[in-house]
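Following the hints, position chain B against chain A.
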Amino acid sequence: MASKDQTLPSLLVTLLFLLLFSALLSRISGLESVVDEKEKFSEDLLIRPLSDGKVLSHFYFKNYQRTLGSAAHTHVFPKAISQLVSKFHISELELSFTQGRWNYEHWGGLDPIASSNAKPSGVELWALFDVPLNQVDPTWRNLTHALSGLFCASINFLESPEGVASPNLIFESRLKSGADGFVRYGALPREAVCTENLTPWLKLLPCRDKAGIASLLDRPSIYNGHYHSLRVHVKRSGPERAVVLEQTLTIVLQPTQIREGGMKELPHWSLTSLFGRQLGGKCPVAHSSHVLLELEQSLVESVKASADKTGGKVTSGVDIPDNSVFHVSPYPEAVLVESLDSWDVPKFSSVMLEYDLEKYRSDQPLNLAMHWKQKMAWSSVRGPFRVSRFLTGSGNEKGSIAIEMKKNFNVSSENGDSSGGDLLEVTVFQMVPWYVRLYMHTLTARIDGNPVPLRDITTQMLVTPAEDRLHPAVLEMHLKLPRNMVSLSLTVDFDKGFLHIDEHPPDADHGFDLPAAFLSFPTSQTRRLYLNHQAADNKDSSLIQTLNEAGSLYVYTTILLVPLATPDFSMPYNVITFTCTVLALYFGSLLNTLRRRIGEEERLAKAGSGGKLKKAIAKFMEGKSENQKKLIKVSGVILVAAIGVTVSYVLEHFEAL
Amino acid sequence: MESEAVEEKADKVVVTLKPRPLVRLGRQLILHVNIISILCYVAGVVGILILPFLAKNTYISENALMPGSAHSAFNNFDSIYARSSAEELLELASQNPDVQRTISRWIIQEMLGVGADCYIHPFNSPAPAFSSTRFPKSSGHFKWTTAANSSFSEDEGQQQTTSGVNVVGIIRAPQGAGNEAVVLVTPYDSAAFEQESAWTLGMGVALFRELSQALWLARDVVWLVADSKYGAYPAVDSWLKEYHSPSISQTSTYDKMTLDWLEKILSEDGQSSKEVIHSQTLGDFKRAGTIASGLVYELNLGLRQGGKDTFTVWAEGPNGQMPNLDFINIVNSIAVYRESLQLRLETLHGIKNWAWLRGAGVSLEEIGKYARSVNPGWNFAMAASVYVDNMATLFSSMFFQVIGLPTGAHGAFRDYQIDAITLQFTVTKNGQDYLFSRIGRLLEGVLRSVNNLLEKWHQSFFLYFLSSPNRYISVLVYMIPLGLLLLGLPLQAAALCYPVKQTSKDAKDLAHSNLTSDGSGGWLEALVLVGAVQLWAFFSTLALFLISDMDSTAETKLLTWSVILVFSLMATFRVQRALAASINDESKGSGGNQNWATVKAVTIGFTCIGLAVMSTVNFPVSLIGALALVPMCIGVFPVERSWRYAQSQGRSALGVAALALGTLWTLAVSPLGLPVMLWSLYGHLLDITPGNVWNFAESLLQWRSALLPYLLVIHLPCSVLCLYILLSRLPTQRRRQ
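If you read the sequences in order, they're chains A and B.
So the first sequence is numbered by the working numbering: it starts at 1 and just counts up by one.
So the second sequence is numbered by the working numbering: it starts at 1001 and just counts up by one.
Next up, chain A with everything else stripped away, as it sits in the complex (with noise of 0.2 Å):
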C-alpha cells in the first residue's frame, strides 16, 4: 500500500519531466532552426604536419548574423562584436596578437592557411570604416580604446597618429571593389602576448572552451609553441550587409615524443599528446563541427614513390590514411582531393582527411593520431619569393633598411600564378616611425645586384613623408618585375632620430622596434580548392569554403630593433646637481663683486681694524719676540688638531658602546 502510494507521484513526476523534456527539445529544434535563418556558426579544426617535425594546428570558428540591428537579440553571435560594428561602422577589421615568427621556408609559404594567418610578432590591427573622412581618425581612436578594453591588451596606444598609416595600395586586392570606405592600419611589434588575450577571445565563442573544438586550448601546452597566432577577422559582406566573424587561432607546435633515431626521425603525434586535453564532441550550437588533416602535395608525392619503391599497387593509388610511411587513426569520414577546377584533379595534390565530430561524444572522444612508420622528407609548398628584411650600418648615427626578395628555387613557372603575363608583381608596404628618418631619395633598387632606375619597375608609389610626433613615414609601392630574375633589393638610407628624454618607452635601452613590412603578391593566387565529392549536402566544412577561395599571397617580414642613442636616465640628476653647483657660484662671485665696496676696505685696511679675538690675539703676541710668536703660533695649530683628534676618538670610542 505505502509502496503503491510512493509509486503514483513518482511515476507522475517522471511523466511530469518527460513532458517538459520533450517541450524543451522542440524548443530546441525551433532555435535551430532559427539559428540557420539569421546566426550560423561553425568550427573547424586543421592540422597539417609540418616537414621539420613540427605539427600546425589551426582552429577557426566562424559566426554569421545575416542582420544587425541595434535591439536584435542575438543567440550565438557574440554581441560584443556586433555592437562594435555598429557603433564603429566597421566595413571590416582585422586584429591579430601573435608570438614566435611564421617559418615560409619549412612551414610553406603559398597556402591559404600561411598567407592570411603569418602574421608578425606583437599585435597588428586594421580596419576599414564607412564613414566620412572627417570621422576616420575619431573613429579609430574609440575603437582602439573598444578593442583595448575587449582583448586586455594595450592596443590603445594605437590611438595616437604616430604609429598608424593609412593604406591605399596594399589593401587594394583584398578589399576588392564595391567595399569603399578608409583603411587605417597599426602595429604594435612589441606587445607581449599570453593567456589574458586568449580569454576574452574566447569568450566571444558561444561554448567557450567547455565544449567543442575549443575545449582542446590547454593553456600550457599552446604557449609552449613555436608559433602562436589569435586572430579576430569581422566583415560584412552580402546585400544584406552580413556579419561574418571569424575567429582563428594558428599554432605550430613540436610534438614531444621522443624516437629512438634522436631528433632525425620524425615524431609520432596524437591530439592528446599535442594539448593534452580530449575532444569530445562538437560545440551543441555548432552548426557544422570538423576536424581536417590535410597532407600536403609533396608528402602525397613522397609517399606515393615510396608506395611505388616498394612495390605497392601502383594503378589503384595509395591508401592515403594508412600507407608504408605513416598511419593515421582513426580512419576518416571523408578524403578530399585538391583539384585545380571543379573536377580536373592532378596526379598529385594535396589530400583533406575530414571528421566529422557529430559521431564523437564526450566517452567516445577523437584522438587523432599520425603515426609514422619510415623517414621521409618533403618540403611545403613555398612563396615565389623568399622576404628578408635587414638593417645596415652601426652605430647610432645612420644606417639603412634593406629589403631582399629572392625567388625559390622550387617555384616553377606554372606554379601559383595563373595570370600575369611574363611579370611579376609585388606590392610593398612599410610604416617606419618618425624617429627613424628615411632619405627617400635614396631609395635604390637592385635586381640581381645591379641599380635599376625606379620608374622602370614602380607602377604606383605613395610616400607619406614622416612629420615629427605627428605621423610615420609610409612608404608603399607596386613593382612590376621581370620573370627571369632571381633576387631584388630596396634600399633607403635613415638617421636615427632623438627622442625627448619623457618619450622614451620604458626599457628604453632595449631599442626600438620597426613595424613588419609588409608584401603582397597580386599574381601569386593561394587557393586550395577541395571538392567533396561523396557529400554534396550543406553540411561541409566551413573552414574548406574559405580554403577554395581564391586569394593573393601575403608575406610579413620579421620586425626590426633599432638602437637609437638613449640617454642616462640618471643623468638628469647629475644635470641639477652640476648647474645648481654653476649657479651657486655664479651667483655667489656676483654678488660677491656687487657687494664689495674697494674704497671702504681699502680704508679699513689702513685703518688695521679687526675682530675682538683678532686684537685680542694682537694685544697677547704684543711685546714677544719672533720666535715667540711662531712658538705659539705652531701650539694653537697643535691644540687645534690635538682637540679634533681627541673628539673624533671620543665620538668613535661612544659609538662602538
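Partner residues are not named here, just some residues of chain B that face chain A (Cβ under 10 Å, in silico):
1) H1244
2) Q1250
3) Y1254
4) E1455
With the C-beta cut set under 7 Å, the calculated list includes, among others, these residues of chain A facing chain B:
5) D52
6) Q99
7) G100
8) R101
9) F390
10) T392
11) F409
12) D448
13) G449
14) D507
15) H510
16) T558
Over 10 Å on every C-beta distance to chain A, these chain B residues come out as not near it, computed from the model:
17) R1024
18) D1260
19) P1318
20) N1430
21) S1540
22) R1574
23) L1667
These are calculated hints, taken from the structure and not from any lab test.
Beta carbons: idealized from backbone N, C-alpha and C, even for Gly.
Quick look at chain B alone, frame taken from chain A:
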C-alpha cells in the same frame, strides 16, 4: 685665475692690500711650482702603484642577468656527445686531405640535423700586411691572436687556397620576435686541424644541439664556426662586415662564389647536394636582427694550474675598449660559484719577476701592517705576492691596451659596438668528460644570462681595469693618477707665462723678464715654431701612411721615411726662421733669438692638451705618455743656462742634480734616445730589426691603434721641441751682462 693674478699683481704695487685668497693661492702655487709639480708627479706614480689597493670588489649591476638562477640542461650525455664529435672530427680530418671541406660538410649536416638555419660565408684572405702582427708575437711574450695564427707562416708560401669559409647556423628563438641575436664563435684551424680545434667544434656542436631544444630562448642564437686559417679575427671580422654592411652591389658575384663553395663542400652527394642547397637555402646570407653580444670560446690543450681547472678571459678590444664589466662578472660568478672553474686573466710572462715591483709590494705590505697596528680600522694590507699578481694583471692589461690591437676575435665585435669576450678553456691531454660538461654548463649559463637581458649592456662599467677576476678599478679611480701626472704641466706653463717674483732678491731668472716687457712678438714666434713642428709631425704621419703603400721591403720603407722626416724637419725650421724674421721685422725688430721660455710654455700647453685628449681615446697610452713626457717637459732647460747655473755662486746641489736629470731624461725620451734605450733594455727579448720596426708601425696603422698617433703627433713634436729648447741659445744681451 692666472689673469686675475696679473691684474692683482699690478694693483699690489700701488696699495699694500692683501689680494684675494684665490689669487694668493695661485701666487703660492706658481712660487713653489717646481716642488709642487715634482710632488704631483711622484704622487701620480705612487697613485699608479697603489691602484690594486683602490680596487673594489665586482658586483653584478644588472638585475635582469640573474646568473646561475636556472638549472643548466647541458648534461653528461651532451659532454659525451661533444667528445665523440671531436673524435669523429679528428678521424674525418685524418682521412680526408681537404680538411676545410670535410669539416664544413660535417658541420652543415649537424646544423641541419637539429633543424637550424644554416649557411656558409666564404671570405677572402686578409691583406698580406697582416703578417706584421708577428713582430710582437715573435717576442715570445704572449700569443698574439688565438691558436690559429701560428699556422700562418706555413700557409703563406703555399697559397693553395686563397680563402676561408665560415659555416653559420642560426637557432631561431621559438617565441622570439627575431630581432635580436647572440653570437657564439668557435674558431677552428682548417689548415692545421688538431685536437684543440676538434674539441672546440665538438663542444660547439653539443652546445648548439642542446640549445636547439631550449624553449627559453628570447634571442636567436647564431653559431659562427670561424675558419681561422688566417687567425680568428679576420674570419669573424669579415662575417660581421658582411652582416652589417653587405656589398649589395656585388651580390651576384658573392652568391656565385657561395654556390661554388657549396658545390665543392657538398659535392660528395652528387646530384642530391643541389637539392639540399636549394631546399635549405644554404647560399643565403641569413641574418638574425641586431646582435646583442658575442661569445668566443675555444678549448686549448694545457695543464691544470694549482689543482684547479682554469680558463682565461680575453676582453681587450681595439684601442683598449673593454666590454661591459657585467659580462665578465657573470662569467666569473657562474664559473666560480656553480662550476668551480677558476677564471684567469692573462699576464705577461716576466712581470711577476720584476724586482722593483716585488720591492714595492713588500714595502706596501709593511706599510699596511704598520697602519693596521696603529689603527685596526685601516685594514688595507695586502700580501706582497697578491700585490705583485694584481699589478702584473693590471700592467698586462695596460700593455695590451697600449698596443691597441684586440687580443682576440672578440675585438671584431667591438667595432660594431657589440660587447664580446673570448673564453679560452684549458683542457688536459686526456680531456675529461666532467670538464666538458662543466664548460658546457658554464657556456649555457652565460648564454642564458645574456638571453635574460632585456636591454643592451648598459648598467655596469665600460671604463675599468681588472686587477684580479673579481676586483675592478673604475675610471673614477684610475683617472686620478693621470690627473696628478698632468697637473704639473699647466702649473709650469703658468709659471713660465706669469713669473711671480718673490719679495726677496733671489729671482735671478733673468730670462723671464723678457716675457713681460716684450709683448706679443715672443708669443707669436713661439706659436709659429710649435705650430710648424706640429704640422711637420702630421706630415710625418701622412708620409708613413703613404709610404706603407709602397711596394718595397720594410727596411727601405723605414729608411725612406726617416730621410723624409729629417729633410722635412730641416725645411720646417727653415720656413719657421723665415716666418719669425718677418714677424720680427714687423714688430720693431727686437732680438733675433727665440725665447726658450715661451717656446717651453707653448710646448707644455700643446703636450698637456694632447695627452688629455689621448686619455679619452686610449687611456693607458696617455698614462705612459704622461709618465715619459711630463718629466721632460718640466725638466728641460737650455744646456747653456744649466751650465751657467752650475757655474754660478747661488747654485745648490739639488738644483744641479735636477737640471742634469732633466737633460738626461730629455735625451733619453727623444726620438734618438728612445730606440737606443729600448734596444739596450729589451733587445734580448724583442727581435728589434729595422724591418720589424717598420712592420710593427704598419700593423699599428692597419689596426688603427692609438699608439701610432700618440707617438707621431704628441711624442715626436714634443720631444723635438724639447731638444730644440735644450739646444737653444740664450739672448745675447743677457749674455753681455
